[in-house]
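All chains, please: the whole structure from these sequences, using the hints.
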Amino acid sequence: DTGVSQDPRHKITKRGQNVTFRCDPISEHNRLYWYRQTLGQGPEFLTYFQNEAQLEKSRLLSDRFSAERPKGSFSTLEIQRTEQGDSAMYLCASSLGDLRGETQYFGPGTRLLVL
Amino acid sequence: SQKIEQNSEALNIQEGKTATLTCNYTNYSPAYLQWYRQDPGRGPVFLLLIRENEKEKRKERLKVTFDTTLKQSLFHITASQPADSATYLCALKGDDKIIFGKGTRLHILP
Numbered sequence: 001d002t003g004v005s006q007d008p009r010h011k012i013t014k015r016g017q018n019v020t021f022r023c024d025p026i027s028e029h030n031r032l033y034w035y036r037q038t039l040g041q042g043p044e045f046l047t048y049f050q051n052e053a054q055l056e057k058s059r060l061l062s063d064r065f066s067a068e069r070p071k072g073s074f075s076t077l078e079i080q081r082t083e084q085g086d087s088a089m090y091l092c093a094s095s096l097g098d099l100r101g102e103t104q105y106f107g108p109g110t111r112l113l114v115l
Numbered sequence: 116s117q118k119i120e121q122n123s124e125a126l127n128i129q130e131g132k133t134a135t136l137t138c139n140y141t142n143y144s145p146a147y148l149q150w151y152r153q154d155p156g157r158g159p160v161f162l163l164l165i166r167e168n169e170k171e172k173r174k175e176r177l178k179v180t181f182d183t184t185l186k187q188s189l190f191h192i193t194a195s196q197p198a199d200s201a202t203y204l205c206a207l208k209g210d211d212k213i214i215f216g217k218g219t220r221l222h223i224l225p
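So the protein sequences, as listed, match chains A and B.
If you read the first sequence in my numbering, its first letter stands for residue 1, the second for the next number, and so on.
If you read the second sequence in my numbering, its first letter stands for residue 116, the second for the next number, and so on.
Hints in this document: simulated from the structure, not taken from any laboratory.
Honestly, I wouldn't trust all of these hints.
[As the list claims (entries may be wrong)] Derived DSS-like pairs (lysine-lysine); straight-line CA-CA distance at most 30 Å:
1) A:LYS57 / B:LYS178
2) A:LYS57 / B:LYS217
3) B:LYS118 / B:LYS178
4) A:LYS57 / B:LYS118
5) A:LYS71 / B:LYS212
6) A:LYS11 / B:LYS172
7) A:LYS14 / B:LYS217
8) A:LYS57 / B:LYS174
9) B:LYS186 / B:LYS174
10) B:LYS212 / B:LYS172
11) A:LYS11 / B:LYS212
[To be verified] Here are a few chain A residues that face chain B, going by a calculated C-beta distance under 10 Å:
12) GLN37
13) GLN41
14) GLY42
15) PRO43
16) PHE45
17) GLY72
18) SER73
19) PHE74
20) GLU78
21) CYS92
22) GLY109
23) LEU112
Backbone N, C-alpha and C define an ideal beta-carbon position, used for all residues, glycine too.
Dropping the structure here:
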């Protein structure tokens, strides 16, 4: 399967714990996005990378959230000191970043539940 | 403020009929607009992209229109089937990132 993969698919944690999610994009894609989605809402932009450079972060992304893409390939999203409000589906997407039309390919998501 | 609006209520359509979903936006001048399909518990899947200089785009039973004056896109599924039941998301290019609407849940009734 050469699509976008995410790991883990599900994560249950206690409030205050740190969690880390991984995303492996489609190999030739230079852009990688992280989104958060809650029930009944569309994906909400968190941050994105062009190769290894983090180009934009949403104002909604607090200091407890950090993302990396060290070699321009896979990416990790870490949430420190989790809160119940962090419970959501975390989606990763990748694209070629073609200015003519950027099609994003999404992974299956990581569903986080903070108790 | 910038907004993307999709019908928040679910849309029920009889099988075989045409389903029409609406996406309205304000305070954007997007270079293009996209439609995605999302099934429960899964990531969105890209369906169609329409650029600002295009009025209509078709793909099999799908048709998208884009009216930059009205700031509206319509998404049509003709000859709808129960397998078309899903949430459909509108997304547009805002600044340097893609912004999604909340989506419309579509139910095709057999």
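These are the hints, each one checked on the structure:
1. Simply put, LYS57 of chain A and LYS178 of chain B have alpha-carbon atoms about 34 Å apart, too far for the 30 Å limit, and the pair is violated.
2. Our distance criterion of 30 Å between C-alpha atoms is met by LYS57 of chain A and LYS217 of chain B, whose separation comes to about 20 Å.
3. A threshold of 30 Å between alpha carbons decides the hint, and for LYS118 of chain B with LYS178 of chain B the separation of about 23 Å falls inside it, so the pair holds.
4. For the hint linking LYS57 of chain A to LYS118 of chain B, the alpha-carbon distance of about 19 Å falls within 30 Å, and the restraint holds.
5. Restraint check for LYS71 of chain A and LYS212 of chain B: satisfied, since their Cα atoms lie roughly 22 Å apart, inside the 30 Å limit.
6. Of the supplied pair hints, the one linking LYS11 of chain A and LYS172 of chain B is violated, its CA atoms being roughly 40 Å apart against a limit of 30 Å.
7. Between LYS14 of chain A and LYS217 of chain B, the direct Cα distance comes to roughly 29 Å. Compliance with the 30 Å bound is thereby established for this hinted pair.
8. Restraint check for LYS57 of chain A and LYS174 of chain B: the C-alpha separation of about 34 Å exceeds 30 Å, so the hint is violated.
9. Distance hint between LYS186 of chain B and LYS174 of chain B is fulfilled; the C-alpha atoms sit about 22 Å from each other, no more than 30 Å.
10. A C-alpha spacing of about 22 Å is found between LYS212 of chain B and LYS172 of chain B, which places the hinted pair at or below 30 Å, so the restraint holds.
11. For the hint pairing LYS11 of chain A with LYS212 of chain B, the CA-to-CA distance comes to about 28 Å; that is within 30 Å, so the pair holds.
12. Checking GLN37 of chain A against chain B by beta carbon gives a least distance of about 9 Å; that is within 10 Å, so the hint holds.
13. Hint status for GLN41 of chain A: holds, given a least beta-carbon distance of 5 Å to chain B, under 10 Å.
14. Given the 10 Å rule on beta carbons, the hint for GLY42 of chain A holds: about 4 Å separates it from the nearest Cβ of chain B.
15. With its C-beta approaching chain B no nearer than about 5 Å, PRO43 of chain A sits inside the 10 Å limit, and its interface hint holds.
16. Look at PHE45 of chain A: its Cβ gets to within about 5 Å of chain B, closer than 10 Å, so that hint holds up.
17. With a cut of 10 Å, the hint placing GLY72 of chain A at the interface with chain B is violated, because the nearest CB-to-CB distance is about 18 Å.
18. At its closest, the beta carbon of SER73 of chain A sits 19 Å from a beta carbon of chain B; the interface hint therefore is violated under the 10 Å criterion.
19. Interface restraint check for PHE74 of chain A: the shortest CB-CB distance to chain B comes to about 17 Å, outside 10 Å, so the restraint is violated.
20. Interface hint at GLU78 of chain A: violated, since its Cβ lies 20 Å from the closest Cβ of chain B, which is beyond the 10 Å cut-off.
21. Of the supplied interface hints, the one on CYS92 of chain A holds, with its beta-carbon coming within about 8 Å of a beta-carbon of chain B, less than 10 Å.
22. The beta carbon of GLY109 of chain A is positioned within 10 Å of a beta carbon in chain B (closest approach about 5 Å), and the interface hint is therefore held.
23. Annotation: interface hint on LEU112 of chain A violated; nearest CB of chain B at approximately 14 Å, more than 10 Å.
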